[in-house]
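Number of protein chains: 2
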Amino acid sequence: MIEDAAKKTIKILDQNGIVLNKNERNHIEVVDFGLNQLEKQGLQIIVYENNDRYCAKELVLFSNQTCPEHSHPNVGEEEGKMETFRCRAGKVWLYLEGESSERIQAKIPKGSEDYYTVFHEIELNPGDQFTIPPDTLHWFQAGEEGAIISEFSSTSRDEFDIFTDPSIQRV
Amino acid sequence: MIEDAAKKTIKILDQNGIVLNKNERNHIEVVDFGLNQLEKQGLQIIVYENNDRYCAKELVLFSNQTCPEHSHPNVGEEEGKMETFRCRAGKVWLYLEGESSERIQAKIPKGSEDYYTVFHEIELNPGDQFTIPPDTLHWFQAGEEGAIISEFSSTSRDEFDIFTDPSIQRV
Ligand SMILES: [Zn+2]
Ligand SMILES: [Zn+2]
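These protein sequences, in sequence, are chains A and B. What the first sequence shows, in full-length UniProt numbering, is residues 1 to 171, in sequence order. What the second sequence shows, in full-length UniProt numbering, is residues 1 to 171, in sequence order.
Some hints could be false.
[What the hints assert, rightly or not] Straight-line C-alpha distance at most 30 Å; calculated BS3-like pairs for lysine-lysine:
1. B/7 <-> A/57
2. A/40 <-> A/8
3. A/57 <-> A/8
4. B/7 <-> A/91
5. B/91 <-> B/110
6. A/11 <-> B/22
7. A/91 <-> B/11
8. B/107 <-> A/57
9. B/91 <-> A/22
10. B/107 <-> B/11
11. B/110 <-> B/22
12. A/22 <-> A/110
13. B/91 <-> A/11
14. A/110 <-> A/91
15. B/57 <-> A/7
16. A/22 <-> A/107
17. A/57 <-> B/110
18. A/11 <-> A/107
19. A/22 <-> B/57
20. A/7 <-> B/91
21. B/110 <-> A/91
22. B/22 <-> B/8
23. B/91 <-> A/57
24. B/8 <-> B/57
25. B/11 <-> B/40
26. B/110 <-> A/11
[To be verified] Just a few of them, taken from the derived set where beta-carbon distance is under 8 Å, the chain A residues facing chain B:
27. 16
28. 54
29. 86
30. 88
31. 126
32. 131
It should be emphasised that the hints constitute simulated quantities derived from the structure, not laboratory data. Keep in mind it's a predicted model, so treat the numbers as computed, not measured. The beta-carbon is built from N, C-alpha and C at its ideal position, and this holds for glycine as well.
Chain A on its own, in the form it takes in the complex (with noise of 0.2 Å):
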């Protein structure tokens, strides 16, 4: 199962001219957060770079796959993790703390409707990007057809983020 997704990972990715070299088509990281439903409630990631001062990954969600709800807290004195979401293929819905949009056009994973509840949508299109500040709930959805992601962020420390979901274990 995770094979199969790190396979269809490799050719999304390639399908839309995104070359990877050997090492990282060996270490697609495909997260199910713990939840074992991995289409429902999933990504699978490329991490670039991630050292002291920045991180560049790239994103691939399946046909309406969901990233949980969850937040970068601030952590010490440090400022939480802000990430740039650049679309580069499909369509992303992202939700973030804020004023709620009247009709939200993801579907809520079912069974986990708890583990939603923040609603100010933005929609991404190929070329779009959107910041996402520091200590902000977000969580995000792939169009019917799926989406690649270019995640641009300060430094990636997976183990201090919070998700809604008590029942999550990301890292």
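With chain A's structure known, arrange chain B with the ligands on it following the hints.
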């Protein structure tokens, strides 16, 4: 000339499946470094994001175009800009401080030989990347077919860049 270069840049990105939004299309940075020989020494830049924590750009180089030698010095207490070059298309030869390579593949721009002083060669093909440490001299040249580089970095502060060629005006 500048407008032609901007159009050519958009076309190259388009042919490689990299989508720009309207605002980006209207703000391609065409940099000739004040040398007035863009095709030989120059660089085309799309700035996706530059905030006080990180920066992300797309760099486009035409056939055999060279970005002149420079460094990103430390500024006060802050370490100089650190940058990761990821080759997306074409071929790039990157040169930096360190042991000189026996024979380099790039052709040093005629008349500017004095201003190229570091010759440790790194060849980048699609999917390859390299991180340039802060405060380190470097320059780079595209192969015959040109190149697209995704640059992930700490904050960009071009006004502090130091070029080996004293006649260069970056900002
Ligand atoms: Zn996040
Ligand atoms: Zn540089």
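Hints and how they fare:
Between residue 7 of chain B and residue 57 of chain A, the direct Cα distance comes to roughly 28 Å. Compliance with the 30 Å bound is thereby established for this hinted pair. Only pairs whose Cα atoms come within 30 Å are accepted, and residue 40 of chain A paired with residue 8 of chain A is accepted, the gap being roughly 15 Å. Our distance criterion of 30 Å between C-alpha atoms is met by residue 57 of chain A and residue 8 of chain A, whose separation comes to about 17 Å. Distance hint between residue 7 of chain B and residue 91 of chain A is fulfilled; the C-alpha atoms sit about 26 Å from each other, no more than 30 Å.
Of the pairs offered as hints, the one joining residue 91 of chain B and residue 110 of chain B holds, with about 21 Å between alpha carbons and a cut-off of 30 Å not exceeded. Taking the CA atoms of residue 11 of chain A and residue 22 of chain B, the gap is near 29 Å; set against the 30 Å cutoff, the hint holds. Of the supplied pair hints, the one linking residue 91 of chain A and residue 11 of chain B holds, its CA atoms being roughly 23 Å apart against a limit of 30 Å. At most 30 Å may separate the alpha-carbon atoms for a hinted pair to count; residue 107 of chain B and residue 57 of chain A exceed this at roughly 33 Å.
Distance restraint check for residue 91 of chain B and residue 22 of chain A: the Cα-Cα separation of roughly 17 Å lies within the 30 Å cut-off, and the hinted pair is therefore satisfied. Between residue 107 of chain B and residue 11 of chain B the alpha-carbon distance is near 25 Å, which keeps this suggested pair within the 30 Å criterion. A hinted pair counts as satisfied when its Cα atoms are at most 30 Å apart, and residue 110 of chain B with residue 22 of chain B does not qualify at roughly 37 Å. For the suggested pair residue 22 of chain A and residue 110 of chain A, the alpha carbons sit about 37 Å apart, so the restraint of at most 30 Å is broken.
The suggested pairing of residue 91 of chain B with residue 11 of chain A holds, with an alpha-carbon distance near 23 Å, which does not exceed 30 Å. Of the pairs offered as hints, the one joining residue 110 of chain A and residue 91 of chain A holds, with about 21 Å between alpha carbons and a cut-off of 30 Å not exceeded. As the CA atoms of residue 57 of chain B and residue 7 of chain A are separated by approximately 28 Å, the hinted pair is consistent with the 30 Å bound. Distance hint between residue 22 of chain A and residue 107 of chain A is unfulfilled; the C-alpha atoms sit about 35 Å from each other, more than 30 Å.
A threshold of 30 Å between alpha carbons decides the hint, and for residue 57 of chain A with residue 110 of chain B the separation of about 38 Å lies outside it, so the pair is violated. Between the alpha carbons of residue 11 of chain A and residue 107 of chain A the distance comes to roughly 26 Å, so the proposed pair stays at or under 30 Å and holds. For the suggested pair residue 22 of chain A and residue 57 of chain B, the alpha carbons sit about 24 Å apart, so the restraint of at most 30 Å is met. Simply put, residue 7 of chain A and residue 91 of chain B have alpha-carbon atoms about 26 Å apart, close enough for the 30 Å limit, and the pair holds.
The suggested pairing of residue 110 of chain B with residue 91 of chain A is violated, with an alpha-carbon distance near 47 Å, which exceeds 30 Å. For the hint linking residue 22 of chain B to residue 8 of chain B, the alpha-carbon distance of about 16 Å falls within 30 Å, and the restraint holds. Annotation: proposed proximity of residue 91 of chain B to residue 57 of chain A holds, straight-line Cα distance about 21 Å (limit 30 Å). For the proposed pair residue 8 of chain B and residue 57 of chain B, the alpha carbon gap of about 17 Å is at most 30 Å, so the pair holds.
Straight-line distance between C-alpha atoms of residue 11 of chain B and residue 40 of chain B comes to about 19 Å, which keeps the hinted pair within the 30 Å bound. For the given pair, residue 110 of chain B sits about 43 Å from residue 11 of chain A by alpha-carbon distance, which is inconsistent with the 30 Å threshold. Restraint check, residue 16 of chain A versus chain B: the minimum CB separation of about 6 Å is within 8 Å; hint holds. For the restraint placing residue 54 of chain A at the interface with chain B, the shortest Cβ-Cβ distance is roughly 4 Å, inside the 8 Å limit, so the hint holds.
With a least beta-carbon distance of about 6 Å to chain B, the hint placing residue 86 of chain A at the interface is held under the 8 Å criterion. Taken as an interface hint, residue 88 of chain A checks out: its beta carbon lies about 7 Å from the nearest beta carbon of chain B, inside 8 Å. The criterion of a C-beta within 8 Å of any C-beta in chain B is met by residue 126 of chain A, whose closest approach is roughly 4 Å, and the hint holds. The beta carbon of residue 131 of chain A is positioned within 8 Å of a beta carbon in chain B (closest approach about 7 Å), and the interface hint is therefore held.
When each numbered hint is compared with the structure, violations occur for hints 8, 11, 12, 16, 17, 21, 26.
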